[in-house]
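Trainee: Note that the protein sequences, when read in sequence, are chains A and B.
First residue of the first sequence? That's 1344 in this note's numbering, and the numbers climb one at a time after it.
First residue of the second sequence? That's 1344 in this note's numbering, and the numbers climb one at a time after it.
Just so you know, the hints here were simulated from the structure itself, not pulled from any lab data.
Glycine is no exception: its CB is placed at the ideal position from the N, C-alpha and C atoms.
Not one of these hints is a red herring.
Between beta-carbon pairs, the in silico distance windows are:
1) B:R1379 / A:K1504: 13 to 23 Å
2) A:G1387 / B:K1504: 12 to 22 Å
3) B:K1446 / A:D1621: 44 to 54 Å
4) B:K1515 / A:Y1654: 28 to 38 Å
5) A:D1669 / B:M1433: 28 to 38 Å
6) B:D1638 / A:E1396: 49 to 59 Å
Each chain, letter by letter, is given below.
Protein chains: 2
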Amino acid sequence: MVLENDLLLRVARGEKTERTPVWLMRQAGRILPEYRAVRERLSGFVELVQTPELAAAVTIQPVDILEVDAAIIFSDILVIPEAMGLAYEMAEKKGPFFPETIKTEEQAERLRTVVPEEDLAYVIEAIKITKKELNGRVPLIGFAGAPWTIFCYMVEGQGSKTFSKARAMLYKNPDLAIRLLNKITESTVRYLKAQIKAGADLVQLFDSWAGILPPDLYQQFSLTFIEKVCQAIDEVPFTVFAKGAYFARKAIGKLPCQTVGLDWNMDIAESRELVGMDKTLQGNLDPCVLYGSYDQIKKATQNMLDQFGPYRHIANLGHGVYPDTDPDKVRCFIDTVKTHSF
Amino acid sequence: MVLENDLLLRVARGEKTERTPVWLMRQAGRILPEYRAVRERLSGFVELVQTPELAAAVTIQPVDILEVDAAIIFSDILVIPEAMGLAYEMAEKKGPFFPETIKTEEQAERLRTVVPEEDLAYVIEAIKITKKELNGRVPLIGFAGAPWTIFCYMVEGQGSKTFSKARAMLYKNPDLAIRLLNKITESTVRYLKAQIKAGADLVQLFDSWAGILPPDLYQQFSLTFIEKVCQAIDEVPFTVFAKGAYFARKAIGKLPCQTVGLDWNMDIAESRELVGMDKTLQGNLDPCVLYGSYDQIKKATQNMLDQFGPYRHIANLGHGVYPDTDPDKVRCFIDTVKTHSF
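Just chain A, same shape as in the assembly (with noise of 0.2 Å):
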């Protein structure tokens, strides 16, 4: 199917387009007053995401109300664990905790290599049903966390800090932080590769956990299997956001993938010299910008659209944006993307 705007894309691959295009890293559920109506009818988060009419519903919601150039579809990086056979449940306000988590060598071979049409088979008929309903209007997004940052909750069983478990293993049991790494790279690629099959038009993977690493160990235990999933992804643009990994910058302009997520910390100018002019950047208002007034989004909207200059520039916040933020501001922050970058 001819999408009737694939600004997205064309700018991934390093097209020169008549505008920025733009969309937001949680979009999708959080901020809707429309999302929230649909979520009050479930138990709970994971129902959500693991029944495909409604996951696919929430997805929409965004491009139908916000107007954004793209959708992603509303999923959780945590449902490779959940597949690979460690449950997660998701605390309102607490986040999601592991009742179970990875400590021997006995356990990591237990953990299934993911076949994703059966274990996630939701995300893989919410993905179809969003392409059909989409109707080609925008590009559809797929995602999957990177290996380290799934490693981390299965390690540490819940968000932390410092997450200081998981990091005690790179050190106390490198040999089994490898191999667990290894099976989740596996099932990660399995896994997007399905998504891309389903109708994925583009795959991002977020490395939430980048930041609380030396970047040594960054190196050998994050970049090395994100490099991995990009090598063996060719069919759609990737992109890559490693939050916090600003120390790799340099490293992660030479992986291959197409587009680069920056956080809202990190310099525009000195991440476009560290990447290098081959890729495209994503990024990066700091979320809380949208709790200024419409003047001040406006102003350090069109700020950050000169720093990144016309092309090879996909607009979005440096962050998913925070849940009490007030959707007419991100309707600004959209509306001024596309009003300044054309």
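Take the given structure of chain A and dock chain B to it, following the hints.
Mentor: Only chain B this time, still in chain A's reference frame:
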């Protein structure tokens, strides 16, 4: 009183010394069984902070037991908001919690400017007792939170992954933010001066939440106030530790301070280049290394020392020592610094 071991102060002042001094952030408290024995007799952390004899006792423990080259007064950065009028509770494993947070000009207006000899007499007394009992063995480090980090707690009310409420105020009401930051700054200067008067031989400012601001906001809402504190303190050497503020290393290198702390994400050679040659650097072993084997700890510590070089370096971790670290492993780190840098 002449110090028997003044390595820390000589290195902070830029002198070449016979070996590299070593201490650990959070060395007082957390890891030693002798600390836990004191702690268990009390109702909680805050009681220990507010009981000078006991605070002094746990301050000296690591000097006796681990043979570090400096003591750091056992206290908490949150004594400042408390003394200004915002009481906090310390929930075990959950961190600090403020029942009241600052939302309005009126609330900010009501906050006291601290008179340390009265409002924080318990810290001043603990320093005096510590100095007496240390009897010149090693220098005593005093400390405070950087104004931005204290602001984060006073506005957010608790620890947070994003501190989005605190950051929101920078956009929504920058005038209130600056008024509050100035008030915190004045109290902090008075507090550090009182610590020095009571006997602190060096003071350190901890900007724990430096890493959550975009570079321009960090300059405006944090560095500006750190600089004011630095400028006001010229009695003893001054250390700035801005965790996560990789983007500000060049600017921090220009502050009127003697020592700059590095976290474990920061590349040593790059940091030296950015900070410049006329500052002492402090840090920055990954605290997780201490979960490794003795052999791993020795190698990683030696590697770190070699990267910093023999002068203008104070060996430390890149963050506070983690609570479940084996004191024997800490001892291995300390001994390696002492022998390898000799």
